[in-house]
Amino acid sequence: MVEIAAIETVLVRLPTRRVHKWTGLTEPIGQYLLVRMTGTDGTVGWGEAPALRDWGGEFGRYFSESTAIVETVISRYLAPAVTGLAIANPAELHRRMDAQVKGYPYAKAALDFAYYDLTGRVLGVPVHALLGGLLRPVVPVTHSIGLLGIDEAVAEVKKVVADGIRTIKIKVGVDPDRDVEIVEAIRAAVGPDIALCVDANEGYATPGQAIQTVRRMEASRLIYVEQPVMGIERLATVAAAIDAPVMADESAWNAHDALQIVEQRAAQIISIYTTKPGGLYQAMKVSAVCEAAGIACNVNGSVETGVGNLANIHLAAAAPAATLSNVIPVSMPAEHQNGRIGGIYYADDLIAAPLEFTDGGIRVPTGPGMGVEVDENKIETYRVAS
Numbered sequence: 100m101v102e103i104a105a106i107e108t109v110l111v112r113l114p115t116r117r118v119h120k121w122t123g124l125t126e127p128i129g130q131y132l133l134v135r136m137t138g139t140d141g142t143v144g145w146g147e148a149p150a151l152r153d154w155g156g157e158f159g160r161y162f163s164e165s166t167a168i169v170e171t172v173i174s175r176y177l178a179p180a181v182t183g184l185a186i187a188n189p190a191e192l193h194r195r196m197d198a199q200v201k202g203y204p205y206a207k208a209a210l211d212f213a214y215y216d217l218t219g220r221v222l223g224v225p226v227h228a229l230l231g232g233l234l235r236p237v238v239p240v241t242h243s244i245g246l247l248g249i250d251e252a253v254a255e256v257k258k259v260v261a262d263g264i265r266t267i268k269i270k271v272g273v274d275p276d277r278d279v280e281i282v283e284a285i286r287a288a289v290g291p292d293i294a295l296c297v298d299a300n301e302g303y304a305t306p307g308q309a310i311q312t313v314r315r316m317e318a319s320r321l322i323y324v325e326q327p328v329m330g331i332e333r334l335a336t337v338a339a340a341i342d343a344p345v346m347a348d349e350s351a352w353n354a355h356d357a358l359q360i361v362e363q364r365a366a367q368i369i370s371i372y373t374t375k376p377g378g379l380y381q382a383m384k385v386s387a388v389c390e391a392a393g394i395a396c397n398v399n400g401s402v403e404t405g406v407g408n409l410a411n412i413h414l415a416a417a418a419p420a421a422t423l424s425n426v427i428p429v430s431m432p433a434e435h436q437n438g439r440i441g442g443i444y445y446a447d448d449l450i451a452a453p454l455e456f457t458d459g460g461i462r463v464p465t466g467p468g469m470g471v472e473v474d475e476n477k478i479e480t481y482r483v484a485s
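Using my numbering, read the sequence shown as starting at 100 and increasing by one per residue.
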């Protein structure tokens with residue numbers, strides 16, 4: 100049986116198409132840590148930790164991870180613990196990682212992705228088959244506007260709709276009047292047939308402020324309101340007072356958080372990440388809790404490069420609860436973008452071929468492992484000193 104022979108990390112920085120921000124974000128997206136996992140037969144699997152130092156759980160429940168922290172945790176604790184492990188045993192991978200260090204889900208997720216990629220490539224099967232099977236051959240994509248000015252946002256939504264995007268997420272949580280105005284302007288620009296949602300990233304100061312603001316927005320027909328306030332208890336207050344469904348993101352990191360959200364009726368939707376619970380193996384547990392509780396889900400992330408985004412796609416294809424449109428990139432190298440901006444956040448990418456966008460979503464790769472080759476020349480181009 101093929102075993103893990105070596106684990107290396109590479110820090111990269113991709114150039115962004117434009118500045119992409121949300122409430123509380125203080126550093127640029129795109130400087131992330133890659134993991135290269137080599138098997139004893141020479142097969143290579145890739146993973147990514149899109150770690151941001153100011154991204155963590157509510158009230159300090161889960162601490163942020165910078166790329167420097169992730170690199171240290173992997174090199175000092177996780178890599179020695181899992182080297183020598185045979186492929187096709189993610190339960191043992193996570194047992195070993197958890198025995199070495201508590202927490203640090205982004206570091207663990209990067210190894211998890213690489214391990215699934217390596218396993219799939221050795222066995223000749225796609226990652227979604229390892230997760231239970233292909234439920235969705237095309238996974239729908241939501242384009243995130245970020246904290247743009249109103250005129251710039253309107254111009255962008257018109258273009259992404261022309262590119263075939265059918266759902267748009269509007270970042271809010273800055274100022275209630277501005278938030279209401281931008282939602283109304285975007286609805287007027289895209290017409291009645293495009294789905295709109297908003298994400299405050301915990302930006303509203305109180306449940307009362309969130310409730311008042313959302314009630315003003317609801318005439319624009321929102322499909323959900325994501326994380327209007329910090330705290331599961333506060334989310335429950337908002338969810339009970341507005342008509343639009345509430346989605347939990349910062350409040351929902353793992354399966355235990357999902358149980359608490361269900362118990363307190365804090366949200367009707369949960370955003371599943373591949374990273375926050377610690378990888379694909381743990382993300383499927385979140386999906387199982389949500390499916391049992393009747394909670395709808397999408398797959399969301401930290402605007403990964405194509406390497407990490409492939410994990411998002413396979414999760415969205417295989418997780419039974421992930422029935423909604425996903426806030427994930429349409430990863431494409433520069434030479435394939437041709438003026439497209441729908442779902443594109445970077446001016447270039449690290450995968451050798453573009454993802455196929457069709458019918459409002461990404462066609463799930465069916466090749467072995469993650470299904471798309473990594474471009475090691477591009478990785479060298481965008482490598483930066485750690």
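By construction, these hints were calculated from the structure, which means they are not laboratory data.
By construction, the Cβ of each residue, glycine as well, lies at the ideal position given by its N, Cα and C atoms.
Among the hints, erroneous ones may be present.
[As the list claims (entries may be wrong)] Quick list of the computed label-pair ranges, beta carbon to beta carbon: (1) 158 x 114: 30 to 36 Å; (2) 419 x 141: 17 to 23 Å; (3) 224 x 141: 15 to 21 Å.
Verification of the supplied hints:
no., hint, verdict
1, 158 x 114: 30 to 36 Å, "holds, 35 Å"
2, 419 x 141: 17 to 23 Å, "violated, 35 Å"
3, 224 x 141: 15 to 21 Å, "holds, 19 Å"
The structure fails to meet hint 2 from the earlier list, while all remaining hints are met.
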